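Chemist: As a plain string of letters, each chain reads:
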Amino acid sequence: MTEGIDEADRPRVLQGAGPDLFSKFDALIQQREGLLATGVTDPFNLVMERVLSPTQAICNGRETILLGTYNYMGMTFDPDVVAAGKQALDDYGSGTTGSRVLNGTYAGHKAVEQALCEFYAMDHAMVFSTGYQANLGIISTIAGKGDYIVLDIDSHASIWDGCKMGDAEVVPFKHNDIEAMEKRLKRIPEGAGKLVILEGVYSMLGDIAPLKEMVAVAKANGAMVLVDEAHSMGFIGPNGRGVAEDQGCLDDVDFVIGTFSKSVGTVGGFCVSNHPKFEILRLVCRPYVFTASLPPSVVATAATSIRKLMHGSNKRAHLWENSKTLHRGLTERGFQLGTAEPQSAIIAVIMPDLERGAAMWEALLKEGLYVNLARPPATPANMTLLRCSLCAEHTSEQVETILGMFERAGTAVGII
Amino acid sequence: MDRAAVAERIGRIIEPFNKKGLAITEDTTFAGDLEWDSLTVMDFVAGIEDEFDIIISMNQQAEIETYGQLIDAVTRLQG
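Protein sequences appear in the order of chains V and E. Letter by letter, the first sequence follows residues 49 to 464 in my numbering. Letter by letter, the second sequence follows residues 8 to 86 in my numbering.
Be aware that one or more of the hints could be misleading.
With a straight-line cut-off of 30 Å between C-alpha atoms, the simulated BS3-like cross-links for lysine-lysine are [to be verified]:
id: 1; chain 1: V; residue 1: K267; chain 2: V; residue 2: K231
id: 2; chain 1: V; residue 1: K72; chain 2: E; residue 2: K26
id: 3; chain 1: V; residue 1: K260; chain 2: V; residue 2: K234
id: 4; chain 1: V; residue 1: K222; chain 2: V; residue 2: K234
id: 5; chain 1: V; residue 1: K260; chain 2: V; residue 2: K134
id: 6; chain 1: E; residue 1: K27; chain 2: V; residue 2: K222
id: 7; chain 1: V; residue 1: K212; chain 2: V; residue 2: K356
id: 8; chain 1: V; residue 1: K231; chain 2: V; residue 2: K260
id: 9; chain 1: V; residue 1: K325; chain 2: V; residue 2: K193
id: 10; chain 1: V; residue 1: K134; chain 2: V; residue 2: K356
id: 11; chain 1: V; residue 1: K222; chain 2: V; residue 2: K158
id: 12; chain 1: V; residue 1: K158; chain 2: E; residue 2: K26
id: 13; chain 1: E; residue 1: K26; chain 2: V; residue 2: K231
id: 14; chain 1: V; residue 1: K267; chain 2: E; residue 2: K27
id: 15; chain 1: V; residue 1: K267; chain 2: V; residue 2: K193
Don't read these hints as lab results, they were simulated from the structure. Fair warning: this is a prediction, and the values are worked out from it, not measured in the lab.
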């Protein structure tokens, strides 16, 4: 512990300088120090020393089951995917060193965009260097001054940052509340452009949106609709296109945002659309233009993975089984979960507070299980969550092992 | 609706949100005095929006720090 922590409202003035710009972080620094002083392992500083498979790694020298990776379809060690990446490294080198609009578009970038068009059966696909940049870029570029963005209050940080970067009026509504959304749409001044932003799966509690109703209301009120399907791609819907496909309203969605860093198993982000003028975005979208494109190996692994996901129905079925088994087992053991029924591959276990959440997280790690510890401000309603994301490569035996670990850790910490 | 009438209606809406039981004046601040978190702000703003059938966008909310500024803004937004 350090001595003499400054009070947040009385920043230390350095000799011959202004106030310390880091004073604004003092409250967080103190909360962190308080937590670590209890002797708990730092939950935000874990190192994966070796990764054995999509579901297993070595952490602190111990073999650990991974239950917090978003690696839903387990494509990270797929032999075809890995081989495609190695081949691209040999053929094209380690990186493009350039923007997509200059020297950074290789054959592989066009190939992965073509794979996305086929996966979603849409006319256009635009690949960004991360999923964060896809939301940042598309939202800030299409909704400008005088336009209105109507969005769910539980939207991901990348969506909020996209709103902040643009100049549109930002109007949030209560999570998944169709009526609240409709009221706000109807109050927007005549003639203003409207963009409704929704997510298929909300990643904190793992709940899905009533997209069919919400998209219909948005369209009836003259809005364009953007849906972030980051946590549903490859898994939800008959062809793995997401919640909008599953609910039969994908044709009415103007823009689907997605990522390569979950089911696809690498890194990158994208937007797919049927908008006839979509291609102009490549010239005007700053987070697309002013950054280097993805390395050739990454786009090669992504394209191979996306094409394999088109035929992943057996894996999808097993992932649903895993999600249902875990949800049922945790409910039976007395844990409080984010949803009454399993709605996605995310199962959120609600903790009574940050201290016991961190203690439970550490107890699970010592059992040999990794989950995500999520805490405010990333979580809704200031909740502390242990967020579990299942993988199609988790065996049924692993899920049973996981339930045993939760039972022992939960008893030891006094959660159940 | 004139400013006094707006103030009276907002006064009724804010009551259940005033958990600290402060004597609210025109200079009372939402973040500093009332210590509202973002979810409370959203619920309160939604209540005001529904009462007056207006939109107070987040961009506009950023300009509203005190209770008096809120009354001014709502009076103006109603046209």
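Chemist: It remains to establish, for every hint, whether it holds in the given structure.
Modeler: Status of each hint after checking the structure:
A threshold of 30 Å between alpha carbons decides the hint, and for K267 (chain V) with K231 (chain V) the separation of about 14 Å falls inside it, so the pair holds. With a C-alpha separation of about 26 Å, the suggested pairing of K72 (chain V) with K26 (chain E) holds against the 30 Å cut-off. Of the supplied pair hints, the one linking K260 (chain V) and K234 (chain V) holds, its CA atoms being roughly 19 Å apart against a limit of 30 Å. Distance hint between K222 (chain V) and K234 (chain V) is fulfilled; the C-alpha atoms sit about 16 Å from each other, no more than 30 Å.
For the hint linking K260 (chain V) to K134 (chain V), the alpha-carbon distance of about 41 Å lies beyond 30 Å, and the restraint is violated. Between K27 (chain E) and K222 (chain V) the CA atoms are separated by roughly 24 Å; this keeps the pair inside 30 Å, and the hint holds. For the given pair, K212 (chain V) sits about 36 Å from K356 (chain V) by alpha-carbon distance, which is inconsistent with the 30 Å threshold. A hinted pair counts as satisfied when its Cα atoms are at most 30 Å apart, and K231 (chain V) with K260 (chain V) qualifies at roughly 17 Å.
Distance restraint check for K325 (chain V) and K193 (chain V): the Cα-Cα separation of roughly 19 Å lies within the 30 Å cut-off, and the hinted pair is therefore satisfied. Pair hint K134 (chain V) plus K356 (chain V) holds up; C-alpha atoms about 17 Å apart against a cutoff of 30 Å. Distance check on the hinted pair: K222 (chain V) and K158 (chain V) sit about 39 Å apart at the alpha-carbon level, beyond 30 Å; violated. With a CA separation close to 57 Å, the supplied pair K158 (chain V) and K26 (chain E) exceeds the 30 Å bound.
Restraint check for K26 (chain E) and K231 (chain V): the C-alpha separation of about 27 Å stays at or below 30 Å, so the hint holds. Only pairs whose Cα atoms come within 30 Å are accepted, and K267 (chain V) paired with K27 (chain E) is rejected, the gap being roughly 42 Å. At most 30 Å may separate the alpha-carbon atoms for a hinted pair to count; K267 (chain V) and K193 (chain V) meet this at roughly 21 Å.
Checked against the numbered hints listed earlier, the structure breaks hints 5, 7, 11, 12 and 14; every other hint is satisfied.
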